[in-house]
Structures are given as C-alpha cells and as structure tokens.
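Q: With the hints as extra help, turn the sequences into a complete structure.
Number of protein chains: 2
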Amino acid sequence: MKITCNKNDLLNSVNIVLKAVPSKTSMSILECIIIDATDDNIRLITNDMELGIETIVKGSITEKGSVAINAKIFSDIVRRLPDNEVTIELKDNYVTKITCEKSKFNISGSSSEEFPYLPEIEKEKPITISQFSLKEIIRQTVFSISDNENNKIMTGELFEISKNDLRVLALDGHRIAIRKIKLKEENDDNKIIVPGKTLNEISKILSGEIDDFVKIFTTDKHILFEFDDTIVLSRLIEGDFYKIDQMLSTDYETKIKINKREFQNSIDRASLLIRDSDRKPIILDINNNVLELKINTEIGALNEKIDIELEGKDIKIGFNPKFLLDALRVIDDEIIDLYFINAKAPCFIRDKEQLYIYLILPVNINAGY
Amino acid sequence: MKITCNKNDLLNSVNIVLKAVPSKTSMSILECIIIDATDDNIRLITNDMELGIETIVKGSITEKGSVAINAKIFSDIVRRLPDNEVTIELKDNYVTKITCEKSKFNISGSSSEEFPYLPEIEKEKPITISQFSLKEIIRQTVFSISDNENNKIMTGELFEISKNDLRVLALDGHRIAIRKIKLKEENDDNKIIVPGKTLNEISKILSGEIDDFVKIFTTDKHILFEFDDTIVLSRLIEGDFYKIDQMLSTDYETKIKINKREFQNSIDRASLLIRDSDRKPIILDINNNVLELKINTEIGALNEKIDIELEGKDIKIGFNPKFLLDALRVIDDEIIDLYFINAKAPCFIRDKEQLYIYLILPVNINAGY
Chain A
25 MKITCNKNDL LNSVNIVLKA VPSKTSMSIL ECIIIDATDD NIRLITNDME LGIETIVKGS
85 ITEKGSVAIN AKIFSDIVRR LPDNEVTIEL KDNYVTKITC EKSKFNISGS SSEEFPYLPE
145 IEKEKPITIS QFSLKEIIRQ TVFSISDNEN NKIMTGELFE ISKNDLRVLA LDGHRIAIRK
205 IKLKEENDDN KIIVPGKTLN EISKILSGEI DDFVKIFTTD KHILFEFDDT IVLSRLIEGD
265 FYKIDQMLST DYETKIKINK REFQNSIDRA SLLIRDSDRK PIILDINNNV LELKINTEIG
325 ALNEKIDIEL EGKDIKIGFN PKFLLDALRV IDDEIIDLYF INAKAPCFIR DKEQLYIYLI
385 LPVNINAGY
Chain B
25 MKITCNKNDL LNSVNIVLKA VPSKTSMSIL ECIIIDATDD NIRLITNDME LGIETIVKGS
85 ITEKGSVAIN AKIFSDIVRR LPDNEVTIEL KDNYVTKITC EKSKFNISGS SSEEFPYLPE
145 IEKEKPITIS QFSLKEIIRQ TVFSISDNEN NKIMTGELFE ISKNDLRVLA LDGHRIAIRK
205 IKLKEENDDN KIIVPGKTLN EISKILSGEI DDFVKIFTTD KHILFEFDDT IVLSRLIEGD
265 FYKIDQMLST DYETKIKINK REFQNSIDRA SLLIRDSDRK PIILDINNNV LELKINTEIG
325 ALNEKIDIEL EGKDIKIGFN PKFLLDALRV IDDEIIDLYF INAKAPCFIR DKEQLYIYLI
385 LPVNINAGY
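If you read the sequences in order, they're chains A and B. Mapping of the first sequence onto the working numbering: residues 25 to 393, in sequence order. Mapping of the second sequence onto the working numbering: residues 25 to 393, in sequence order.
Accuracy of the hints is not assured; some may be wrong.
Put simply, identical chains are the same to the list, so a pair is met inside one copy or across any two.
Keeping only pairs whose Cα atoms sit at most 27 Å apart, straight-line, the calculated DSSO-like set for lysine-lysine is [claimed, not checked]: (1) 284 with 187; (2) 121 with 340; (3) 126 with 176; (4) 96 with 318; (5) 126 with 337; (6) 239 with 204; (7) 245 with 340.
It should be emphasised that the hints constitute simulated quantities derived from the structure, not laboratory data. Source: prediction; values computed, not measured.
A: Written out as structure tokens, the structure is:
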C-alpha cells in the first residue's frame with residue numbers, strides 16, 4: 025500500500041473515526057484505525073462492535089493495500105505533522121512508513137484481516153434530515169436518558185417516525201424529554217431505539233449546518249447514518265419502548281409564564297447550596313403573580329422571587345434542581361410555560377405546538393420546608 | 025458587619041485570594057476567606073500558612089466587622105450572582121446574608137478570631153520590577169524546579185540581586201534554568217530562595233502589564249509582593265542554594281545555530297514514540313551542516329533532518345526530549361545557539377548576552393542506537 029494525502033484532510037478524517045475507538049477493550053485490533061486503499065478510495069475505518077465509522081480521505085493511491093495502526097499513536101502523529109502532503113507506505117512485516125517533509129516515521133502496524141469490517145446493510149427508503157436538526161434534536165433530549173446499563177431500553181432514545189413527523193423521546197424514570205420535528209418527505213411508520221452513546225458520538229461529528237443533510241437507513245438491527253464522506257453504523261437496542269402517551273395529558277390546575285433566563289439563573293444559584301450527600305429539593309412557592317424559590321440546606325438558605333403570569337391555583341411543589349436545569353438549558357424560548365396539577369403530579373414544560381415537552385416528577389416535600 | 029460592593033469587583037478579589045486557599049488541610053479555618061471590614065477598607069484575606077494573600081475590594085462599609093466564610097461556597101455564590109450591587113451583612117451566630125437584586129443567601133460563617141492573619145513585616149528598601157518582567161522571568165525558569173519535597177531547596181528558585189541585576193535560577197539535578205534582567209535602581213546584594221508554589225500562584229495573579237509594577241520586600245524569613253490593591257506574603261525556603269557558577273563555563277567544542285521552531289516541532293514529534301515506561305532518549309547526530317534527530321522505540325522509529333550552521337566538531341549526543349522541549353518553549357528567539365563539549369558533558373542553550381542560560385545534562389547513549 026502507498027497513499028498520499030493532505031495532512032489536514034487526513035487529520036479531519038482521523039478525528040471522525042476516533043469516535044468509534046473503544047477506550048477499553050480486550051481485543052487490541054479494535055484499538056486500531058484501518059487504512060484501507062484496496063479499492064478506488066482511501067477509507068479509514070473503526071469499529072467498537074456497537075458503533076462503526078467509515079470515512080473517505082481525499083488523496084491518491086499509488087499502490088493498493090490496507091493496514092491496521094494503533095489509533096492513538098496514529099492520531100498523535102498525524103496531529104503533529106507539518107501542514108503538507110503526507111505519504112503512508114506499507115513496508116515488510118506491516119511496518120508503516122509515514123513521511124511528511126523531512127520527517128520519517130516507521131510505526132509497527134498489523135494486518136487488517138482480523139478487523140471486523142462494517143457489515144453491508146440494505147439501503148432502502150432513507151429518511152433525510154438536515155445535520156442541524158439532527159444535532160439539535162439529540163442535544164435537546166439525550167441528557168434525559170439513563171446511564172444505568174441494567175435497564176438497556178432507558179440508555180437509548182426512541183425515534184418514532186409517522187409520515188412526515190419525527191418524534192424523539194428519552195426518559196430515565198424521573199423525567200421525559202420529547203422533541204418533534206417535521207420531515208420534508210413522508211416516510212413509512214417506524215419505531216427504533218438508538219443507543220445514547222451512538223447519538224452522543226454522531227452529534228460530535230455532524231457539521232450542524234442547515235444545508236448539509238444526513239440520510240438515515242434502518243434495518244431490524246441497525247441504523248446507518250450517511251453524510252458527507254462518512255457512514256456511521258450502529259446497532260439498535262432491541263425491545264419495546266415504554267408506553268408514555270397516557271402520561272402526556274394536557275389537563276392542568278396551574279399554569280405559569282416565566283422568563284426562562286431568570287428562572288434558570290435562580291435555580292443555578294440554589295443548586296450551589298446542595299451537597300451530593302443531602303439531595304435537598306428546591307421549593308417553588310407559586311402565589312399570586314410571584315414565584316418564590318426557596319432552599320434550605322446545611323450550607324445555607326436561599327430565597328428568591330421572580331415575577332410570573334399565573335393562571336389557575338396557587339401551588340407549592342419541590343424539585344430536584346438538576347432536572348429543571350437540564351431542560352431549561354436546551355429550551356431556546358425566552359418566555360416559557362409550566363403546567364402543574366398538584367404537588368405530587370409531574371410538571372410539564374411545553375410550548376403551544378408541543379414541539380417540545382419536558383415532563384419532570386416532583387420531589388415529595390413535607391411541612392418541614 | 026455590613027458592606028456593599030460591586031459583584032465584579034468582589035469576584036476579581038475573590039479570585040485573587042483563592043490562590044492561597046489550601047486544597048487539603050486539617051484546619052478548617054484555612055479553607056475560609058476572611059472578609060474584614062474592621063478598618064476603613066474591605067479586605068479579603070486567605071492564608072495557607074506558607075502563602076498568604078490580602079486584597080482590598082472597592083466598596084462601602086455601613087457597619088464595621090469581620091467574618092470567615094468557606095472559600096469554595098463563597099466564591100461559587102459570588103460567581104453566580106447577577107451583575108449588580110452585592111450587600112453582605114453579618115447576622116446572629118455568624119450567619120452571613122448575601123443580597124443581590126431579588127436573591128437572598130444566608131450562609132453559615134464563623135468567627136475570624138481563630139484565623140492566622142498575615143504577620144506584619146518591616147517594609148524597607150523595596151525592589152521594583154514591572155509585573156510583565158516578573159511574570160515572564162517566573163514562566164521562563166519555574167519549570168526547572170524539582171517537585172521532590174525531600175530536597176526542599178530544589179523546590180524553590182534562587183533570586184539573586186546584585187546592584188541592578190536580578191538573576192533567577194532554578195534546577196532539579198538534570199538541568200538548570202537561568203534568566204537575568206536589569207532592574208531600574210541599584211539595590212543591596214541579596215540572595216533568597218522563593219518557593220516554586222508561591223511563584224506559580226503569584227504569576228497567575230500578576231496582570232503581566234509592562235506599566236504595572238510590583239514592589240518586593242524581603243526579610244530573613246519572608247518575601248512580600250505588593251501590587252495593585254494586593255499583597256502576597258510568602259515564607260522563604262531556608263538554607264544555602266547550590267553553587268553552580270563553576271559549571272557555567274563558556275568553553276565548547278561544538279556550536280550550532282538552529283531554527284528554534286523547527287527543532288521544537290521535531291522533538292515534539294519524536295516524543296510521541298516514547299512511553300513513560302521506557303524513557304528512551306532522542307539522539308542528535310550533528311554532522312556537517314545537518315542535525316539528524318533520531319529515536320527508536322517499541323512503538324516505532326523517527327528520523328528527521330534539520331539544516332543548521334555548525335562551528336567546531338561533529339557530535340552525537342542523547343537527551344531526554346522533555347528537558348529540551350521545556351527550555352525551547354520559553355525561548356522567544358527565532359534562531360538559537362546550542363553549545364556542546366562532548367557526549368557526556370552538559371549542553372548549553374544561551375544567548376550572547378547570557379540573559380538566558382539553559383543547561384541540560386545528556387543521557388548516556390551506547391552504540392546500540
């Protein structure tokens with residue numbers, strides 16, 4: 025194998041495929057990046073057996089072939105090469121010679137034969153979505169998944185496609201995050217559970233541009249994202265997602281309109297007084313047109329008042345401030361609506377069109393607060 | 025006590041005094057910031073018993089008094105307050121009420137009586153130096169101190185004052201870093217050893233402006249830096265510093281002129297091939313007007329050539345690349361001079377006026393490389 029490419033093109037591609045290199049593995053071949061120039065394109069490939077990435081590097085192939093090189097060493101070297109043409113050449117015994125200007129590296133590689141190349145999947149009826157929308161919808165929901173591997177379903181997000189609606193749903197037992205967007209074309213109805221890890225990694229690779237698109241293909245077991253010169257292939261989580269639609273009632277006893285920024289800063293200050301060990305809730309005391317936010321812990325006490333617009337009954341309700349903060353951080357609206365039923369029922373933050381719904385369970389507060 | 029000040033002024037002062045809050049201590053009072061308004065000024069004070077900082081916050085005192093508040097909690101709160109006037113008021117039992125706009129914190133504080141206030145030292149004959157020069161001279165030498173507490177002297181830097189010369193010296197047994205600057209005024213001869221930790225912390229506080237000055241006072245046991253509205257007081261390290269002047273011979277057998285950036289990048293790449301466990305040296309093979317940089321480790325091999333100007337004999341010599349890199353990073357010259365005697369004697373990087381001298385011991389290399 026002998027290939028030549030530009031250092032920055034190579035570095036961009038290496039940074040993309042690094043996302044599927046496992047940090048811990050007992051199979052050392054998975055710690056490698058495959059440089060594959062057996063075909064007409066130079067491809068870099070990585071695979072941690074859940075998530076696999078393949079990307080094409082612009083460049084020229086003088087001699088076909090392939091090699092596996094330790095991803096960390098290879099990426100460190102490429103990052104520090106001068107900004108110029110890089111030549112990568114396979115020598116005897118998988119020694120890989122990397123040349124750039126007056127710099128000559130010889131690194132031990134290994135055969136790519138043992139490497140689990142990404143399986144071919146059938147590409148039919150893609151869903152097309154802008155990179156911007158996919159990246160946003162992930163950011164706005166993925167914090168609500170659970171990191172408890174004992175409940176596999178909760179570590180993923182439900183992608184629910186119905187005609188030209190895409191609804192994304194994440195939950196962890198204390199809260200639910202839902203975002204809905206319109207797709208340009210009608211699609212077959214489909215429900216799949218995508219691992220949270222896949223979504224986190226892919227959102228780091230996506231450009232986030234409105235005019236760049238991603239094609240999404242699915243099979244029973246896999247989801248494939250195709251964009252730019254890259255494909256990301258991930259296993260799906262098997263099983264049925266939770267039925268949550270009956271929880272999404274729109275009845276309420278109390279509705280408030282509040283300035284999001286003021287509310288968020290106030291909760292942010294309140295959370296300073298909480299030690300991980302005591303987990304005290306914050307109290308929202310809604311009375312007339314004022315929300316009084318209170319907390320009282322070993323460290324100290326905080327009391328703040330925020331003007332609101334109230335519709336319905338007064339209410340006093342407690343929350344884990346983290347769950348409120350997580351939701352508030354990803355809402356772009358300046359003024360938001362919160363809906364309450366009573367101090368033991370979930371609170372909803374949602375917009376009129378229900379493009380976003382954040383459901384948060386309250387914490388039981390006793391008279392002591 | 026009742027004081028009022030601007031949030032940003034308060035935050036700046038808190039950030040300054042935080043540098044002398046110990047991360048680990050058995051005396052919980054040392055984890056506090058003292059707010060002292062017993063006098064005409066609002067002063068914040070911290071002290072880890074080696075290093076103490078006192079700074080004045082602009083503001084008004086309505087009621088005199090003082091209190092000790094946990095530094096972490098206080099700084100977290102101040103950081104998150106709205107950008108407005110902050111009122112701090114001492115209530116019963118050292119409860120401290122912090123009010124800003126509609127936000128009211130009540131935090132438990134404690135008496136400042138147990139706190140070790142900074143000792144008064146005699147302020148005579150200050151040395152005056154620009155904040156820029158002090159910050160630079162620290163940055164350019166402090167990496168060469170040792171972090172081995174068993175040899176206390178090596179954890180500090182020698183400040184040597186002779187008339188209007190200030191020479192700063194750091195060494196760790198493998199290398200020596202020396203910088204010299206001219207002071208504006210003549211001073212009494214003096215030699216003191218300043219703890220490296222003090223220098224690291226003070227260089228984070230210094231503005232780095234050429235037109236801002238620091239006054240330095242010393243006694244037998246202390247050094248005091250006075251600048252802006254701040255004083256930093258540190259214990260000195262007691263004992264005699266190493267005599268190193270006889271090592272600073274200017275004889276040489278080989279002198280090269282090399283482009284600093286090229287040399288540094290090349291060593292940087294070479295160090296990628298070194299695992300902490302093997303500690304292989306890099307080889308500089310100087311031959312005619314070429315420096316060939318070589319390294320050969322378990323990970324791989326690197327070979328680079330750099331054009332140089334050679335005066336004297338060819339030489340082949342090995343180094344720990346870290347020691348070369350540390351020195352090269354803080355030299356601003358584009359072209360630098362290296363001086364060698366033989367493969368077992370130290371190498372010198374120095375400018376003509378000897379404003380900087382970096383001495384680095386070589387690593388013994390055998391024929392195997």
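Q: Going back to the hint list, which numbers does this structure go against?
A: 1, 3, 7
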